[in-house]
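Participant: In case you want the letters, here they are:
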Amino acid sequence: MPRTATTQRLEQLIAQREQSRGLLIAFEGPDGSGKTTQRKLLTRWLESRDHQVVSTRWGSSALVKPLLKVRKKLRTLSTEEYSLLHAVDFRHRVETSILPALWAGKTVLADRYLFTALARDAARGLDLDWLLNAYSPLLWPDLVLYFSMTPEDSRRRIASTRSPHFYEAGQDVTGIEDPLASYSRFIDRVVKEYDNLSVVFQFVTVDAGEAVYRQHTRVRELVERTEKRPWPTFSEDALKEWLITSNIPAG
Amino acid sequence: MAHHVEYPGRLIAIEGSRGRDAATAAAAVIKALKDAGVDSAISRFDASGLFGDLAAAARGDRHISIRTLTLVYAADLAFRLRWEVRPVLAAGGVVIAAPYVETAVAFGVSCGLSEDWIRQLLRFAPKPDIRARVEERKLARGWKPHLDRGYAEYCAAILENAAPKLASKRARRDVMALLDRPRGRKVYRLSGKGVNELVKSVTRSLQGATRRSASTPRTARR
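The listed protein sequences correspond, in order, to chains A and B. Per our numbering, the first sequence starts with residue 1, numbered consecutively. Per our numbering, the second sequence starts with residue 1, numbered consecutively.
These aren't lab readings, by the way, just hints derived from the structure by calculation. A couple of the hints might just be wrong.
Derived contacts from chain A toward chain B, CB cut-off under 7 Å, selection only [said to hold, decoys possible]:
1. Leu74
2. Ser78
3. Glu81
4. Leu85
5. Ala87
6. Arg91
7. Glu95
8. Thr96
9. Asn133
10. Ala134
11. Val223
Which stretches of chain B does chain A cover? Using the computed rule of at least three CB atoms under 8 Å from a CB of chain A, they are [as the list claims (entries may be wrong)]:
12. 8-17
13. 115-129
14. 184-196
Ideal placement from N, C-alpha and C gives every residue a C-beta, glycine not left out.
Whole structure, please, built from the sequences with the hints as guidance.
Facilitator: And the structure:
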């Protein structure tokens, strides 16, 4: 973007908001790793300390959820379509839910963030650079909590509660009819991708095998220690674009 | 990511700023190809129904951005390629994509998106064998908001509040200028003469390949 008076004004706005803006915390990890439990516990704890908390879940935007749900049920999505529809969902949530909440000083807890798409879609064979481009401009979380577990543990936990859905089990790419057998193969690839991403994007690992309370204690400590990733350095493009299109008042 | 494959068929991309003009031009090309004994299929905007479903889900939602819509365009294009374009190309047929990649690029860039971002996003789409540009009509007008006419008209309807400038003729002129940028390869202008030239080019390139007898233009959609 060329440096015009408008972009300078936007840069000023973003820098000024840095102090009062909320924290963005992403919960990542394989299915069954306890992300949602920990997100709920953290929500309660933060609210008890008078923080305003907004939670956002993967694939949950009112705009995309209905059409995604139908197409998933019909199993008609190709790898690219599946990936792109999640990118639509993510972008819409960033613009209408995550950024407005952060701007207003609320803490946002994202139950899965774009790293879910990177891990799952890369496991489906899509190029990581294409995926990163689809999710650009990136809004970096201040903290990524990675609930780490082995593929075997993930499979065991899922098998004990339910049968995985068609896309969750990766049946669209493995071609295996049995959902659990497909899941076993697919989650192996997903965990490998997660492990790679955890290095590149500096995830903070939480051992998902530990007791729930121990994990929660660690999550609290990590959140208390978290420093903001400065918006002007990490997320300026995403912020500028949002400010231009959302008519946010200067104050 | 789907890897690029050489197909025996021919892909014709028809680009233009108005949906109706693109549809008219595509119909003219199909007819001319049929007259020349070449059967062809067509792939249109929103074959997947995603834009239609999105419009239904978006009732009252005034916070949809051009980036979101470009991602939907990419998803729709992925659907069109899978069901309408690649099967025909693989079978050695001729398929007309109206609109294709350049329309989305020009429209997105005119709304402030980076050209590189859009091209990277749509890089799964095979390069067309033949590029064509519609003869634009109603040049002095912007886009009227319509959910079922074409991509630009759809965006004008969905982004009505966020981007009122889409109704202006200047916005449309910008898109047309972007579509007319020289891109190194011949682009057929789809006036009467241009259609004939395009058909000649297709028939020449198909020489040696088995020609199907002309029949009613078919859709490749399953």
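Participant: For each hint, tell me whether it holds in the structure or not.
Facilitator: Here's how the hints hold up against the structure:
Checking leucine 74 of chain A against chain B by beta carbon gives a least distance of about 12 Å; that is not within 7 Å, so the hint is violated. Hint on serine 78 of chain A holds. Least Cβ distance to chain B is approximately 5 Å, under the 7 Å limit. Restraint check, glutamate 81 of chain A versus chain B: the minimum CB separation of about 5 Å is within 7 Å; hint holds. Hint status for leucine 85 of chain A: holds, given a least beta-carbon distance of 5 Å to chain B, under 7 Å.
Annotation: interface hint on alanine 87 of chain A holds; nearest CB of chain B at approximately 5 Å, less than 7 Å. With its C-beta approaching chain B no nearer than about 5 Å, arginine 91 of chain A sits inside the 7 Å limit, and its interface hint holds. Restraint check, glutamate 95 of chain A versus chain B: the minimum CB separation of about 6 Å is within 7 Å; hint holds. Using the Cβ-Cβ criterion of 7 Å, the hint placing threonine 96 of chain A at the interface with chain B is satisfied: the shortest such distance is roughly 5 Å.
Interface hint status for asparagine 133 of chain A: upheld, as the beta-carbon distance to the closest one in chain B is roughly 4 Å, under 7 Å. About 6 Å separates the beta-carbon of alanine 134 of chain A from the nearest beta-carbon of chain B, less than 7 Å, and the hint is met. With a least beta-carbon distance of about 29 Å to chain B, the hint placing valine 223 of chain A at the interface is violated under the 7 Å criterion. Requiring three or more residues with a Cβ within less than 8 Å of a Cβ of chain A, the coverage given for the region 8-17 of chain B is violated, as only 0 such residues are present.
Interface restraint, the region 115-129 of chain B with chain A: holds (5 residues with C-beta to C-beta distance below 8 Å; minimum three). With a cut-off of 8 Å between beta carbons, the region 184-196 of chain B has 0 residues touching chain A; three or more are needed, and the interface restraint is violated.
Violated hints, in rising order: 1, 11, 12, 14; the structure is consistent with all others.
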